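So the sequences go chain by chain: A and B. Using the numbering used here, read the first sequence as starting at 1 and increasing by one per residue. Using the numbering used here, read the second sequence as starting at 1 and increasing by one per residue.
Derived from the structure by calculation, the hints contain no laboratory data. Just so we're clear, the structure is a prediction, and the values are computed from it rather than from any experiment. Just to be clear, a hint being listed does not mean it is correct.
[Stated by the list, open to error] For lysine-lysine, the following BS3-like pairs were computed, each having C-alpha atoms within a straight-line distance of at most 30 Å:
id, chain 1, residue 1, chain 2, residue 2
1, B, 225, A, 111
2, A, 111, B, 145
3, A, 281, B, 28
[Claimed, not checked] Which chain A residues stay away from chain B? Per the calculated CB distances, all over 10 Å, these:
id, residue
4, 11
5, 24
6, 39
7, 54
8, 63
9, 78
10, 107
11, 153
12, 154
13, 184
14, 213
15, 221
16, 229
17, 262
Note that beta-carbon positions come from the ideal geometry of N, C-alpha and C, so glycine has one too.
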Amino acid sequence: MTGTALSDTELSSHVAAGIRPRRFGSWYVAEHRLLAMRAYGQTIVATSIGNPLVYLFALGVGLASLVDADLGSGSGGAVSYLTFVAPALLASAAVTVATEEFTYPVLASFKWNPVFSSMGASPVSSAQIANGTIIAVALRIVATCLIYFGVMILFGAVPSALGALGILTATLTGVAVGVVIMAYTSTVLEDKGQMAIIMRFIITPLFLFSGTFFPLSTLPFYLQWIGWISPLWHGTELGRVLAYGQSEPVWLTVVHLAYLLAVTVAGWVAAQRIVERRLNK
Amino acid sequence: MGVAQFGSLARLSPVPAPVITASNLTKKYKDFAAVDGISFEVAPGESFGLLGPNGAGKSTTMRMVGAVSTRTSGDLSILGLDPNSHGPEIRSQLGVVPQADNLDAELRVRDNLIVYGRYFGIPRSVVAKRADELLEFAQLADRAKAKVDDLSGGMKRRLTIARALVNEPRILLLDEPTTGLDPQARHILWDRLFRLKEQGTTLLLTTHYMDEAEQLCDRLVVVDKGAIMAEGSPADLIRLHSSREVLEVRFGSDRNAAVAQQIAGVGDRIEVLPDRILVYSADGEAELAHLLSLGLEPLTSLVRRSSLEDVFLRLTGRTLIE
Numbered sequence: 001m002t003g004t005a006l007s008d009t010e011l012s013s014h015v016a017a018g019i020r021p022r023r024f025g026s027w028y029v030a031e032h033r034l035l036a037m038r039a040y041g042q043t044i045v046a047t048s049i050g051n052p053l054v055y056l057f058a059l060g061v062g063l064a065s066l067v068d069a070d071l072g073s074g075s076g077g078a079v080s081y082l083t084f085v086a087p088a089l090l091a092s093a094a095v096t097v098a099t100e101e102f103t104y105p106v107l108a109s110f111k112w113n114p115v116f117s118s119m120g121a122s123p124v125s126s127a128q129i130a131n132g133t134i135i136a137v138a139l140r141i142v143a144t145c146l147i148y149f150g151v152m153i154l155f156g157a158v159p160s161a162l163g164a165l166g167i168l169t170a171t172l173t174g175v176a177v178g179v180v181i182m183a184y185t186s187t188v189l190e191d192k193g194q195m196a197i198i199m200r201f202i203i204t205p206l207f208l209f210s211g212t213f214f215p216l217s218t219l220p221f222y223l224q225w226i227g228w229i230s231p232l233w234h235g236t237e238l239g240r241v242l243a244y245g246q247s248e249p250v251w252l253t254v255v256h257l258a259y260l261l262a263v264t265v266a267g268w269v270a271a272q273r274i275v276e277r278r279l280n281k
Numbered sequence: 001m002g003v004a005q006f007g008s009l010a011r012l013s014p015v016p017a018p019v020i021t022a023s024n025l026t027k028k029y030k031d032f033a034a035v036d037g038i039s040f041e042v043a044p045g046e047s048f049g050l051l052g053p054n055g056a057g058k059s060t061t062m063r064m065v066g067a068v069s070t071r072t073s074g075d076l077s078i079l080g081l082d083p084n085s086h087g088p089e090i091r092s093q094l095g096v097v098p099q100a101d102n103l104d105a106e107l108r109v110r111d112n113l114i115v116y117g118r119y120f121g122i123p124r125s126v127v128a129k130r131a132d133e134l135l136e137f138a139q140l141a142d143r144a145k146a147k148v149d150d151l152s153g154g155m156k157r158r159l160t161i162a163r164a165l166v167n168e169p170r171i172l173l174l175d176e177p178t179t180g181l182d183p184q185a186r187h188i189l190w191d192r193l194f195r196l197k198e199q200g201t202t203l204l205l206t207t208h209y210m211d212e213a214e215q216l217c218d219r220l221v222v223v224d225k226g227a228i229m230a231e232g233s234p235a236d237l238i239r240l241h242s243s244r245e246v247l248e249v250r251f252g253s254d255r256n257a258a259v260a261q262q263i264a265g266v267g268d269r270i271e272v273l274p275d276r277i278l279v280y281s282a283d284g285e286a287e288l289a290h291l292l293s294l295g296l297e298p299l300t301s302l303v304r305r306s307s308l309e310d311v312f313l314r315l316t317g318r319t320l321i322e
């Protein structure tokens with residue numbers, strides 16, 4: 001080195017500049033993402049209100065009039081189809097938002113509107129970029145679930161007050177599925193229709209075979225595994241336990257929650273690492 | 001008291017500590033060395049350039065200095081800190097203008113600055129005030145609420161530079177700042193960059209335009225294939241590696257090579273390009289007169305000052321823009 005070394009005060013002022021970004025970087029990224037969501041804010045609000053109205057009416061009122069099968073019982077006796085299907089629709093709505101937000105928007109943030117690279121040049125770290133993206137979507141899912149739950153109440157679909165906790169378990173379900181999708185999307189370099197494949201061949205079957213519209217036990221045994229590995233089934237069952245006290249062993253309820261948490265942690269860490277690897281070229 | 005005074009005097013060294021020190025800096029992708037052991041230092045307030053063709057390793061160097069890309073080997077210190085351990089701290093003092101604009105098209109012009117300022121932990125009220133000042137500086141004040149996609153190329157570039165300044169950086173990294181801009185937009189941008197330089201901001205820029213390097217750089221390195229070919233001020237490099245003037249003559253692409261053989265001894269040196277012959281000399285007009293006296297009549301002739309383009313051609317045998 002030809003010049004003198006930096007003085008200690010200079011050096012410590014340089015180090016101090018990193019304190020806030022290191023602490024709050026994830027939140028700054030989330031702020032950015034939430035602001036960007038405002039661009040399609042009207043769509044978000046419209047679908048958040050419209051979806052539950054349409055689904056609950058069509059399934060809970062329309063289809064329900066044809067359903068007289070035994071759907072199991074809750075703490076208040078036999079449940080109506082509306083009560084049975086509502087927690088499942090809530091969890092499904094969370095998964096739908098997660099799928100929407102973690103497919104094209106994430107791919108776009110790497111490629112077509114490369115905001116991740118601009119964030120990467122700022123003090124925030126790659127892991128914080130992943131965190132902030134996930135936090136922002138989680139907040140959008142909470143908002144969606146709140147509205148959904150409100151509509152469920154209007155339809156009289158939630159017998160138990162504990163059902164409100166279903167907002168949290170549904171959000172967890174959405175995040176669990178979402179972080180796994182984000183981890184995958186972050187590996188996609190060229191869009192060759194992978195996003196459409198995720199929706200058609202992964203999310204839609206999950207929706208149909210996760211005990212959403214009928215109890216998983218009514219499926220042939222060789223198809224039931226889809227439910228067991230599906231975060232949506234675990235989230236749906238949790239929601240039913242909370243909303244109307246669906247009878248099931250306690251250990252199974254614990255498994256539902258543990259499975260969702262495990263998938264969330266694994267997917268989240270994977271997403272962080274993959275984003276980091278992709279941005280550090 | 002005497003000792004204390006002496007101590008503080010020792011710190012007031014006439015040579016300030018470099019803000020960037022790269023030594024044997026290397027970046028490899030599998031077997032390919034994009035940056036192959038380059039060393040340089042940048043002093044505070046200095047405007048330092050990396051000049052070289054596409055693929056020379058300039059952008060990779062910038063990404064390593066920007067604490068975004070991890071080096072494979074060598075040493076790198078930015079503001080006295082190692083990017084491997086202090087990435088966030090280093091990045092918090094840098095302004096980065098990447099080669100391709102990466103503004104957020106989902107946000108309005110002013111929001112791009114606000115959101116970016118938040119990444120540095122700047123309070124909302126401060127960043128709002130700064131955003132307005134920067135829009136003024138970037139001549140975009142009347143576009144504050146515009147969509148990014150509605151801006152021209154030059155405006156996007158200025159907005160990217162404004163964004164890079166939102167944290168009042170100590171060092172500004174500019175990767176090909178004016179590539180793809182029309183001449184007028186380039187001149188506006190050069191003017192803005194020159195003002196920053198006057199205010200004491202350290203600039204590290206890459207370019208493959210020699211005129212840009214001559215306009216903006218106090219000192220530069222010529223980079224080719226991941227290695228440094230020469231280092232110095234634009235004037236020094238030209239003096240060392242080229243003649244004062246260059247005579248450019250065209251005899252038609254089919255005759256250039258033949259004429260070049262004929263005039264082999266003329267001037268200090270001759271370069272034959274596909275479309276023209278360059279005669280390096282202290283006095284271009286005299287060389288032209290010499291050619292005419294030999295009975296050679298070029299289709300066109302031009303005498304100009306030597307430029308960094310000539311330096312590059314001399315050092316690498318290739319032109320900068322191929």
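Evaluation of the provided hints:
no. : hint          : result
1   : 225/B - 111/A : holds (27 Å)
2   : 111/A - 145/B : holds (24 Å)
3   : 281/A - 28/B  : holds (10 Å)
4   : 11            : violated (5 Å)
5   : 24            : violated (6 Å)
6   : 39            : violated (5 Å)
7   : 54            : holds (28 Å)
8   : 63            : holds (38 Å)
9   : 78            : holds (49 Å)
10  : 107           : holds (14 Å)
11  : 153           : holds (34 Å)
12  : 154           : holds (33 Å)
13  : 184           : holds (23 Å)
14  : 213           : holds (36 Å)
15  : 221           : holds (47 Å)
16  : 229           : holds (35 Å)
17  : 262           : holds (30 Å)
The earlier numbered hints that this structure contradicts are 4, 5 and 6.
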